[in-house]
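Visitor: So the chains spell out like this:
Protein chains: 2
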Amino acid sequence: MSQQTRALILQHWDLANARRWSEFGQLLHPDLFYEVPQTREYIESGAGYLEMFSTWPGEWKAEITQLVCEEAKAICIIDFTVGGETMTGISVFELDGRLISRVTDYWPEPYDPPPRVTPYLKRRPA
Amino acid sequence: MSQQTRALILQHWDLANARRWSEFGQLLHPDLFYEVPQTREYIESGAGYLEMFSTWPGEWKAEITQLVCEEAKAICIIDFTVGGETMTGISVFELDGRLISRVTDYWPEPYDPPPRVTPYLKRRPA
Chain A
18 MSQQTRALIL QHWDLANARR WSEFGQLLHP DLFYEVPQTR EYIESGAGYL
68 EMFSTWPGEW KAEITQLVCE EAKAICIIDF TVGGETMTGI SVFELDGRLI
118 SRVTDYWPEP YDPPPRVTPY LKRRPA
Chain B
18 MSQQTRALIL QHWDLANARR WSEFGQLLHP DLFYEVPQTR EYIESGAGYL
68 EMFSTWPGEW KAEITQLVCE EAKAICIIDF TVGGETMTGI SVFELDGRLI
118 SRVTDYWPEP YDPPPRVTPY LKRRPA
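Protein chains in written order, with the numbering used here: chain A, 18 to 143; chain B, 18 to 143.
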């Protein structure tokens with residue numbers, strides 16, 4: 018069953034990258050709830066989630082770097098590239114049957130670490 | 018097999034919260050590679066990973082909020098609470114047999130969103 022989940026998440030990003038919105042919409046539960054805890058933003062419908070993607074500005078492209086799937090849940094990490102810049106996006110997908118019913122997004126940004134206690138923690142040059 | 022992975026990740030956080038370092042160390046591959054892409058920090062050994070945890074300052078506690086497991090990989094989201102503040106931590110765990118061989122950590126922080134194109138994206142008050 019986690020293979021079906023994997024196929025669904027791959028399709029989600031393939032169709033989004035291809036701007037095939039009608040097929041993309043068929044993966045979404047009408048009551049899909051979307052949430053960005055970092056900004057406190059949310060969307061309360063599959064139609065709204067689809068609209069967010071289809072109106073997102075720029076020639077963006079999502080490339081999956083990690084994907085772990087269970088029967089009713091997946092967590093996916095993407096490189097989201099737009100205008101020569103790449104951001105890391107982390108999405109928790111929850112399913113209701115064969116439809117995506119909940120998506121929780123995280124966008125971790127680079128930061129300078131505080132002083133560390135342990136000498137084991139090294140840092141690559143920028 | 019993903020049930021074994023789940024048990025291992027639950028044990029990782031239970032033992033860390035309990036400061037049971039000797040048992041915690043038994044979950045780690047000697048060559049465990051730890052990485053924080055946001056800061057470019059890394060650790061090149063299980064001993065170093067254990068030392069980072071065992072010397073982490075404060076009365077911290079990790080509580081799992083999401084955990085998705087496959088046979089050789091898991092992604093876990095935690096509330097990491099210390100000194101009355103709670104941060105979100107996202108860890109990708111990779112396994113080599115029954116040992117944790119790679120951990121990639123993300124720490125997404127709150128931010129103010131840019132203006133949005135779609136009217137569907139609403140925002141909760143702070």
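To be clear, the hints were calculated from the coordinates, so they are not data collected in a lab.
Be aware that one or more of the hints could be misleading.
Example chain B residues on the side facing chain A (calculated, C-beta under 10 Å, incomplete) [stated by the list, open to error]:
| id | residue |
| --- | --- |
| 1 | ARG57 |
| 2 | ALA91 |
| 3 | TYR137 |
All C-beta atoms in this analysis are idealised placements derived from N, C-alpha and C, irrespective of residue type, glycine included.
Visitor: Work down the list of hints and note, for each, if the structure agrees.
Guide: Against the structure, the hints come out as follows:
no., hint, in the structure
1, ARG57, "holds, 4 Å"
2, ALA91, "holds, 6 Å"
3, TYR137, "holds, 3 Å"
Consistency with the previously given hints is maintained throughout, with no hint failing.
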